[in-house]
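Q: Going down the list, the protein sequences come from chains A and B. According to the working numbering, the first sequence is numbered sequentially starting from 1. According to the working numbering, the second sequence is numbered sequentially starting from 1001.
FYI, nobody ran anything at the bench for these hints, they're computed from the structure. Quick caveat: nothing in here was measured; it's all calculated off a predicted structure. Just to be clear, a hint being listed does not mean it is correct.
Keeping only pairs whose Cα atoms sit at most 20 Å apart, straight-line, the calculated SDA-like set for lysine to any residue is [unchecked claim]:
| id | chain 1 | residue 1 | chain 2 | residue 2 |
| --- | --- | --- | --- | --- |
| 1 | A | Lys67 | A | Glu11 |
| 2 | A | Lys57 | A | Ala38 |
| 3 | A | Lys57 | B | Arg1158 |
| 4 | A | Lys57 | B | Asn1178 |
| 5 | A | Lys57 | A | Trp19 |
| 6 | A | Lys57 | B | Ser1118 |
| 7 | A | Lys67 | A | Thr46 |
| 8 | A | Lys57 | A | Arg83 |
| 9 | A | Lys57 | B | Ser1221 |
| 10 | B | Lys1189 | B | Arg1121 |
| 11 | A | Lys67 | A | Trp19 |
| 12 | A | Lys57 | B | Asp1123 |
| 13 | A | Lys57 | A | Glu11 |
| 14 | B | Lys1189 | B | Asp1141 |
| 15 | A | Lys57 | B | Gly1139 |
| 16 | B | Lys1189 | B | Leu1206 |
| 17 | A | Lys67 | A | Arg30 |
| 18 | A | Lys57 | B | Pro1160 |
| 19 | A | Lys57 | B | Phe1169 |
| 20 | A | Lys57 | A | Glu39 |
| 21 | B | Lys1189 | B | Ser1221 |
| 22 | A | Lys57 | A | Arg70 |
| 23 | A | Lys57 | B | Pro1159 |
| 24 | A | Lys57 | A | Thr27 |
| 25 | A | Lys67 | A | Thr45 |
| 26 | B | Lys1189 | B | Gly1139 |
| 27 | A | Lys67 | A | Arg83 |
| 28 | A | Lys57 | B | Lys1189 |
| 29 | A | Lys57 | A | Arg40 |
| 30 | A | Lys57 | A | Asp34 |
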Amino acid sequence: MARVRGFGELEATVMDRLWNRGTDSATTVREIFDELGAERHIAYTTVMSTMDNLHSKGWLSRERDGKAYRYRPTLTREEHSARLMLEALSGGGRSEAVLNHFVAQIDAEDSASLRNALRRPSGKTGRR
Amino acid sequence: MTIAAVLLLYVAAVLMIGPTVLVRITAGGSAPRLAITAWLTAIVTVIGCSIAVVALVLVEAAGHWDNPDELLASCLERLRVIALGHAGGVAQVVAIAAMAFIVASLIAVIMRLNRALSRMRSDTLAHADGVRLVGRPIGSDVVIIDAPAPAAYCVAGRPPAIVVTTAAFSALDQSQLNAVIAHERAHLKGRHAYLVAAVRGLTTALPTIRLFDSAAMHVSSLLEMCADDAAARAYGRRPLLDGLLTLSGAGTPAHGLAAAAISVLARAQRLSDPPGSIARIRSCFVLCGAVVAMSATPGTITVLSLSGALICFA
């Protein structure tokens, strides 16, 4: 489990670097490895397989440049956030993800009547 | 054959009156865990009895109830006889068509269930992955995501994540946020997503059965109450209730609106005015009775008919 967690963290770090460079600049594994290697102990192959993984998940696109690949994010961070929130909040898209919402999404009218129904509570909090 | 008939009667009874009765006795959420157990008992016994009925009918059709050792051989023999038309008659053709239909629909349902479950699984894992990549982590399992709509939810993944949008993050104060996160953590710890997925999968596979449909709706709102209880134990009812009211402010309309609003209202009322101990004990008593009745009935039916007591009535 710890290994998986570490791997996910690395994926997030790599995406972070790539997003900060902007979607129009393509980046090689070597460049990311040099950046990360300056801050932590990490193997080149680990960075490579992480980026390959992100490519197969559809988060990065790549094009061959000589002997190496150049990677770039397929969508910006904001676009991904919007897509995920659409999935999560409006039951939008065709996602079947199982999410436990703290509060089910309800419309304004229902929410007003909910507030009205609860306007008078706090007097009885003494019980229990 | 008597066993099959009586079991079928039980299945029909639960399918017909089950949803209404269960909704009534689980309302109010005085004992949410027990209420969930009651719903699940209804589902499991209905599925178990249905499968038993099909098996019994098939065995009966094979005509070797007395010595099950020769069951397989006799099945094949029977099928051969029927296929060759030796036994003749429209009845045989109808019988084999009916059997084929039953077995085929069973396989179809299992395949649909499997497809629904694997779809939910992959979408859930992908969503968990996505929020981890996009969000800003605070603590070990919470991520903040930039979004104008206030929302908080959890997604079971590897690893799981609790998502709080920036709008929710700024709307909640610290104690409310703690309570909300404790609520979501209770979902993850109790593996509630598996239960939701299983019941939702059944609804997808068999959309016409009302028992599954209402179970899907009520089990998920009862699970919310379980998580509420866990969060209230840790941080008190007041911050949780305030968090509930804050986040139920504005939202985008989604399907199942009215039900969602009713469920939130029930939770809020439960937090602001929790059921007294007498109500709790009464509801525990009723629910225990329902669970015991439902789980004991199929066994009793089997024992009675095996001992011959039921033959008198049949």
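Q: State for each hint whether it applies.
A: To see whether the hints hold, each was checked on the structure:
1. Lys67/A <-> Glu11/A: violated, 23 Å
2. Lys57/A <-> Ala38/A: Judged against 20 Å, a Cα distance of about 27 Å means the pair is violated.
3. Lys57/A <-> Arg1158/B: holds, 15 Å
4. Lys57/A <-> Asn1178/B: violated, 33 Å
5. Lys57/A <-> Trp19/A: holds, 16 Å
6. Lys57/A <-> Ser1118/B: Distance ~17 Å between Lys57/A and Ser1118/B Cα, so the pair holds.
7. Lys67/A <-> Thr46/A: Holds: Lys67/A and Thr46/A sit about 18 Å apart, inside 20 Å.
8. Lys57/A <-> Arg83/A: holds, 15 Å
9. Lys57/A <-> Ser1221/B: The hint is violated at about 33 Å.
10. Lys1189/B <-> Arg1121/B: Roughly 18 Å between the alpha carbons, so the hint for Lys1189/B and Arg1121/B holds.
11. Lys67/A <-> Trp19/A: violated, 24 Å
12. Lys57/A <-> Asp1123/B: holds, 12 Å
13. Lys57/A <-> Glu11/A: holds, 11 Å
14. Lys1189/B <-> Asp1141/B: Given that 20 Å is the threshold and the Cα spacing comes to 12 Å, the pair holds.
15. Lys57/A <-> Gly1139/B: violated, 26 Å
16. Lys1189/B <-> Leu1206/B: This hinted pair is violated, its Cα atoms lying about 29 Å apart.
17. Lys67/A <-> Arg30/A: At roughly 12 Å apart (the allowed maximum being 20 Å), Arg30/A and Lys67/A satisfy the hint.
18. Lys57/A <-> Pro1160/B: holds, 18 Å
19. Lys57/A <-> Phe1169/B: violated, 29 Å
20. Lys57/A <-> Glu39/A: violated, 26 Å
21. Lys1189/B <-> Ser1221/B: holds, 17 Å
22. Lys57/A <-> Arg70/A: holds, 16 Å
23. Lys57/A <-> Pro1159/B: holds, 16 Å
24. Lys57/A <-> Thr27/A: holds, 18 Å
25. Lys67/A <-> Thr45/A: The given pair, whose Cα atoms are some 15 Å apart, holds under the 20 Å limit.
26. Lys1189/B <-> Gly1139/B: holds, 16 Å
27. Lys67/A <-> Arg83/A: Measuring from Cα to Cα gives roughly 34 Å; hence the hint is violated.
28. Lys57/A <-> Lys1189/B: violated, 27 Å
29. Lys57/A <-> Arg40/A: violated, 25 Å
30. Lys57/A <-> Asp34/A: With Cα atoms ~24 Å apart, Lys57/A and Asp34/A exceed 20 Å; violated.
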